[in-house]
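Enquirer: Note that the protein sequences, when read in sequence, are chains A and B.
For what it's worth, my numbering labels the leading residue of the first sequence as 1, then goes sequentially.
For what it's worth, my numbering labels the leading residue of the second sequence as 166, then goes sequentially.
In silico EDC-like pairs for lysine to aspartate or glutamate, Cα to Cα no more than 16 Å straight-line: (1) Lys80/A x Asp410/B; (2) Lys330/B x Asp83/A; (3) Lys162/A x Asp173/B; (4) Lys131/A x Asp193/B; (5) Lys162/A x Glu450/B.
Honestly, the hints are just simulated from the structure, not real lab data.
If you want the building blocks of each chain, they are given just below.
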Amino acid sequence: MQKLIKNGLIQTSEEDVLDKAFDGSLPSNSALVPLSYFLVHTDAVLAQSNLGVWIDSDETPEDLAPYADKLTLIAINFPKFADGRGYSFARILRERFGFTGELRAIGDVLHDQLFYLKRCGFDAFAIREDKDATAALEGLGDFSENYQADVLQTSPLFRRRKSLA
Amino acid sequence: MYKYDGIDTQIIQERVTQFRKQTQRYFDGTLAADDYLPLRLQNGLYVQRHAPMLRVAIPYGMINSQQVRKLADVSRKYDKGYAHFTTRQNVQFNWPEIGDVPDILADLSEVEMHAVQTSGNCIRNTTTDQFAGVINNEIVDPRPYCEIIRQWSTFHPEFAYLPRKFKIAVNACPDEDRAAILVHDIGLEILKNDAGELGFKVFVGGGLGRTPIIGSEIRSFLPEQDLLTYLEAILRVYNRHGRRDNKYKARIKILVKANTPEKFASMVEDEWQHLKNSDTKLTAEEIARVKGFFLEPAYDELTNNPASYIQAKEGSTAFSNWIKRNTHAHKKDGYRIVTLTLKKTGIPPGDVTDKQLEIIADLADQYSFGELRVTHDQNLVLSDVRQDQLFEVWEKARSAGFATPNLGMLSDIICCPGGDFCALANAKSIPIADAIQSKFDDLDYLYDLGEIDLNISGCMNACGHHHVGNIGILGVDKRGQEFYQVSLGGDSGKQASVGKILGPSFAQESMPEVIEKILDVFVANRTDEELFIDTFKRIGMAPFKERVYAKAD
Ligand code: SF4
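Use the sequences and the hints to build the structure in full.
Expert: Here it is in structure tokens:
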């Protein structure tokens, strides 16, 4: 089973990630359906609490805006870890559309990306299956202070520096 | 200069620890070479043809004597006793061991230096005018804004995996542009609006490389407090929409061109509406805090042209030549700006030994408030030298090899490391620079020619900025042989333009002769006050082409 780092703990991922072209009948087990499927079967997917949606890096997070308060799980795929679009997607979902459910990074998700992913609003990380998730946990704590504002710390360092000194 | 507080120090130290662990995992095999690659690049570590190469950041070119001594130290301890100043206001070590790099970074962090984001597809070192803060004709000192950008771009969580590298440059001079902002991904020109408020004119999508393009203006006035939110909007549009399928089409210039600058500007504007009032909007307090690090040093109250200085100039042509070529007017009476040239014939442009670094640090301490600037043409600047001390500085610089009075002249060549060091090279570049410098070492002839930028890159990546050289030389590969393509008419200043290719490329041996023919055409055609670039713009390519490719009869 794929390891999932969530709430700072190692768990296993319950959800199947359905293919991007999936067009079958509504799954009964826990699953992540692709964005295109969700946009066609929106109400049916929303009615089932064991389903979430995943979007790929070449898709548009704005498509999920109307459902941000109804969805409980959104996953963003990183086809390659060097494909950084998902970082922007995450911030838009969190900061602009106010999504408060689970935001999961899937795909090429590795130890050394976790810290920035976390700052951009991800709270669950499906570590690539050939990697040691326990070792990766450490990546969440690489830095104790940052210059910029982010999803977790909405005030940039320059607004806080005085009180920290 | 900016001075770290406890938080800045802690962030840099945590970076060293992080990189040490990554390197350990790489050596013990739990971090694959491919996964380590972008991590080490974001720490300035390349693996080159002969050895790894470590690129250390010199933020917007500012460095103090203590840091220069540390570089000397590092070059002795971990390298072969020399360092190389690059065309990006950075410094490189060409022979470190990968396993030593965490220790090098730890050493550097003791003097507030690092290699953060000196490479990789992220926001790189922000660059500016090497004369910032000491010239008369600037609107304000651009360095505080560079520092604000440095902090904002350092470990930005959203923009570490951009489609390609990203470079920002800032200029604050209304009539000159030593920072070449029009050939950067973002160029910022500081100006005042009619109400006297400070802000930026914003250009995007300039760049060299395979497809050289001059940046387009997307905003005529951005208030200073909006700087970071607006940059964030540009970067987000680029991060989302820049091409990732072809690395040669991945720079922001391609995105801007594909959408047209107008459309791109409106995409940025839409994004910015969401960001402009966020907490990332700068505060007057923060701008004032950072400006506080760039106050004037304790200048003496002096007058221009003291007697001893005038006498020294009259007594020595060599000294007065050097003054003319290698020093520049200072905003403060009784001072001048001195450029130490690192372009002595026989030495790769930008190279300095550990001993020379120490001499440079001493010069800075004795004559220029302990600070230096690194220029994009691979020279160093002592920004605040008293006129009555110039003769002493000249004598010392001359005996150390930094006073070749060729600044801006043909032999003041900008040159990338090329095939001698760089794995990407098509051809060597340093020997070409060397051959040209040796052929044209008659200073009278060089002065007579006037200012000419000659830039050399070993491949299309254009680290030597060949496109914007008045004369540009590009190493190309022709059936496994090293050849050189020549372009003419490039210009990196206010009238920025990209050079045009002269014609078929040449073998290495014939390069000095080709340059000679080009210069002959210039000399034969110029009018009294014309520089090479003016003559070229007036007479065009044809006469040069004719002469260079004329059949010998
Ligand atoms: S221009 Fe090419 S050869 Fe020269 S340093 Fe850059 S990548 Fe290397």
